[in-house]
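Peer 1: Starting from the known structure of chain S, fit chains P and Y onto it as the hints suggest.
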Amino acid sequence: MEASDSHPPQGAMALGGRAVRLGRHVANHNAVILLLPVGLGIILIGAVDSSLSDQLRWLLALVGWAAAFLGFRAIGRLKWGNGFEPGLWLAIGWVAIVVLAAVFADFLPLAEALDTVKALTEPSRKRPELFSRHPLGTDNQGLDILGGVIYGARISLQVSLLAVTVGILVGGIAGTVAGYFRGIPDIIFGFITDSLLAFPPLVLLLAVVAAINPTVWTISLALALLGIPTMGRLARANTLTFAQREFVLAARSLGASRRRVIFWELIPNVFRPLLSYAFLIVAVLIVAEASLSFLNVGISRPTPTWGNMIAAGEGKVKEHPHMVFIPGIVMFVTVYSINRIGDAARRRWDPREASL
Amino acid sequence: MLRTIAPKILHLVPVLLVVSLGTFLLLELVPGDPAIAFLGEEATPAEIEIVHLQLGLDKPLVDRYFIWLGDAVTGDLGTSLMFPQSTVTDLVQQAMPLTLQLAVMALTVSLLLAIPLAMWTAYREGTTVDRVSGAGAAVIISLPPFLAALILIYFFVFNPTLPKHLLLVVGLVGTLALLVKSVQAGGKELRPERARRLVGALLLLLFTLWAFNKWPTWPRIGFSRLTSGNGFGENLRHTFLPVFVLAMTEVAIFSRLLRTDLIATLSEDFILSARAKGIPTWRILTQDALRPSSFSLITLAGVGLGRLIGGTVIIETIFGIQGMGRMVAGNITTNDFPIVQGGVLVIATVYVLLNLFVDVAYSYLDPRIRRGSI
Amino acid sequence: MADTQTLHSGLAGDKAPLLEVEGLKTYFRTNRGILKAVDGISFTIDAGKTLGIVGESGSGKSVTVRSIMNLLPPAVTINAGGSVLHKGQSIRSLGKAQAKHFWGVEMAMIFQDPMTSLNPVMRIGRQISAGLRFHLGLSRREARQRSLELLDVVGVPEAERRLDEYPHQLSGGMRQRVTIAIALACQPGLLIADEPTTALDVTVQKQILDLLGHLQEEQGMGMILITHDLGVVAGRTEEVAVMYAGRIVEFADTQTLFADMRHPYTEALFESIPKIEHPSHTRLRAIAGRPPDLVDPPGHCAFAARCRHAQPRCLEEAPQLRHSDDPGHSFACYFPVGTPEGEEALAVNIARGATSAGLLLGDYDAKVVG
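Protein chains in written order, with our numbering: chain S, 44 to 399; chain P, 58 to 431; chain Y, 2 to 371.
If you are wondering where the hints come from, they were derived from the structure by calculation, not from laboratory data.
Be careful, since some hints might not be right.
What the hints assert, rightly or not - What follows is a set of in silico ranges between Cβ atoms, one per label pair, in the way DEER data are often shown:
id : chain 1 : residue 1 : chain 2 : residue 2 : range
1  : P       : ILE197    : S       : ASN256    : 30 to 36 Å
2  : P       : LEU229    : Y       : GLN99     : 31 to 37 Å
3  : S       : GLN98     : P       : LEU229    : 20 to 26 Å
Just so you know, even glycine gets a beta-carbon here, dropped at the ideal spot from N, CA and C.
With the rest of the complex left out, here is chain S (with noise of 0.2 Å):
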């Protein structure tokens, strides 16, 4: 773009071209594939040998895990071709890691992780020591912290589960209806979607919360609030471009009925938009969920979720950093994966919309 640039790179530019075109060589090689290998090998050294500094651990497995992350998308790519994004796979891998271990926790050998009166004996606030008995530490009142984090991801993906599917099953059924009909119901549906999305998300999460009794099922339902008027506004939207479209008169003209034309017709075609979204919108409920347990007003203690885990290592975050960044950690990284996959959910389902 530039209209004055009309000679060739000079100095350190060139210089830097030329080493970022040697690093390409060098990541195309296929030698490269050996970084996986060592890369986990790295990370492993970093993860037992506590004879280490800190520092030193921490730095072992960055370079390690960047090692480990070239190694794997060149084989990648060397398998798959270039269309590979080693990302998205590890994403979703993260993401059917948790899903399992959260289905089957109850199966696993985890130490004490639910019942404080059997923690007694443990060791409270002890660090993450990998192949001991509390892999990832415990807390102030000795519960395991990995037990903890993967009954929270039990918690999460039930909350967050639940309220993007009555999110979508009510608001999507409302918006369909309110498109296709017009008239009264639309009305009436218009006036409900923005009174809904007139309080801030969390001020209504806050609000509604501060009346009942926080359970699974009472925060899921809170939680579907904040979806349900934007998946109603977008099948709503979608409708109003289908209902136009000439599939929908031909049922019609074949005399179906009104109804008939509704869920044969128009469902599938609105819902598939909505379902791509449904990743991002699970997504955003962890975080929110997380948030309402964190400032305690979700689901509190002894049941662990991540909010409250990391709510009760915050005034110890300096000595105990552990208790806030595990938990911390694994939410990130869960939430991110959730993100990506969505997106590519969202590029594949719905391609009108521009990825963030």
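Peer 2: What follows is chains P and Y alone, placed relative to chain S:
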């Protein structure tokens, strides 16, 4: 143009009514008796009676609503259950300036950072800079605000050596880069450009050294009001970390959305015309490209401000700042309903008015709408 | 350059020509490979002369001039060769300081659609004076004054009012006049008009073209007029270059081109113009087939697949530009129109019913020829 604005303003009234109704009806959502929820199980009938009177629960629902609404409109939002000598209006008046300051500062900072970043990444679309900033934005957006705040606290408050030295390194590297580039801009005709880069390098060096030397200790909690005797410096010291966290997410969101808009604008033909005129790139970015994108910028800023006002809850709680968010959140656990209702009503009203303002501003600023041709 | 000839206007004297393009090659990086949009173009323009470049979409005419004006996106553009000399000086290697006041001052360009080439949210006056203030350093008042003069020159009535208006408030023809005013602001020596009338009503087209011709005469500018419409260049240009698939396939004085065209593509373009003399319901003659894929160009004549004259030789190697008796008239064809080889080739193909490239020729073609 009045024709476009008037319906929007009219639409405001029923929405505000529903907002007030919703807020009011919160009390009805409480399972059981709100008085008992507040007082606890061992409350005596006499105490329950007092709370009932305070909450007006002796009157029928409809009456209660209109009394409450009438009071609210005249500025009386009720009295705290816990501390009957404090009216909710007083509490709001104390808390609102803090929240507003945080929100406005965060918005300003994020706009100042996001606009140049968006311009740069839009112009250099597809380069490493762009992809790194995109990945960074994705990371920041996935980071829950309370976690981000705790990470920052861990480093800035408890382990200040790392950020301090990081700043030093970044500052020095930047200075060096500017020096190299100023030497590169050889040729006598470009003296002003070289001078600009040298001056920039000098300023950056001075700033880095000053910041490194004068690195303040960041407080873990608390707030120093502008109106207190401690002055602006103290206020800044207390607001730096909260605003940093708030602005971080906003910068990530703004810069990516604005970037998308700018990329679309940059592919338009009139940009090509401007380049054909020989206008330099940065001028095209700021004058020709930013203009059409400024409308989405206003919408973004308005939505962002709303998001900030509603979203300072977490930050205020972590940093112990007695703003509106903390007021509402803190009193949920104590079941002090008048405070919660009053707080929510005020925040929601501000939010609605803000959105209306953005809507109107948009219509006013787009010359195609303003002149009535659309 | 071995494979192209420099095409001179025949009027070159001792002075360096205004613009001299030699062997220009511009390629693009795409997902499918390298796209050879312009593959060896050469021409020369003198001050006060007009060159017409004719070709269909995808022929490379827009890429050529945008490459000259340095308007192509640097990330995907490869300047694969060739030189562009302005008054004897290479503009590919301008120093930064020189480049700053070159584009827009020595050379200016107007585009096809004035609605999109003007900034919709900026006032007209500001768009005109942007260049004046940046290049000539005029103050706001001086720039405004000059803008008024420019609007007068291009024939925009009520100029004072127009300066404060927005593009959407003007009609299409008016907007194009404004873009011309913008282009002329710094009195460029060369004006490039990229399909300036394609987006306008037919009645307005003539006005704009007349205006361009008039201004050119007045200011002594050189002009490049790009169009897909042969009718536009007739009578308004001194020379015409016909482009196809990134190369010039025929180059001649305008009169010579129309009177004595040689390349089958030029003939096909000419025949596709509907003529008012023809009886009603005359079928329009389109050119069969589509332009070739420039990512993987055939090594032979790019027009062979659509050419009525195509012979086996055309499918083996690409013809180079060569001229016959008239040095100012060059064409790249083995079996040109109006030559014995060409007529023989056509007759053979019609008798066969198909060309060597497999293009079917029907009775219609036979009728036209016979």
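Peer 1: Work down the list of hints and note, for each, if the structure agrees.
Peer 2: Here is what the structure says about each hint:
For the hinted restraint 30 to 36 Å between P/ILE197 and S/ASN256, the CB-CB distance of approximately 34 Å keeps it satisfied. For the pair P/LEU229 and Y/GLN99, the supplied restraint of 31 to 37 Å holds, since their beta-carbon distance comes to about 35 Å. At roughly 21 Å, the beta carbons of S/GLN98 and P/LEU229 sit within the given window of 20 to 26 Å.
Of the numbered hints listed earlier, not one is contradicted by the structure.
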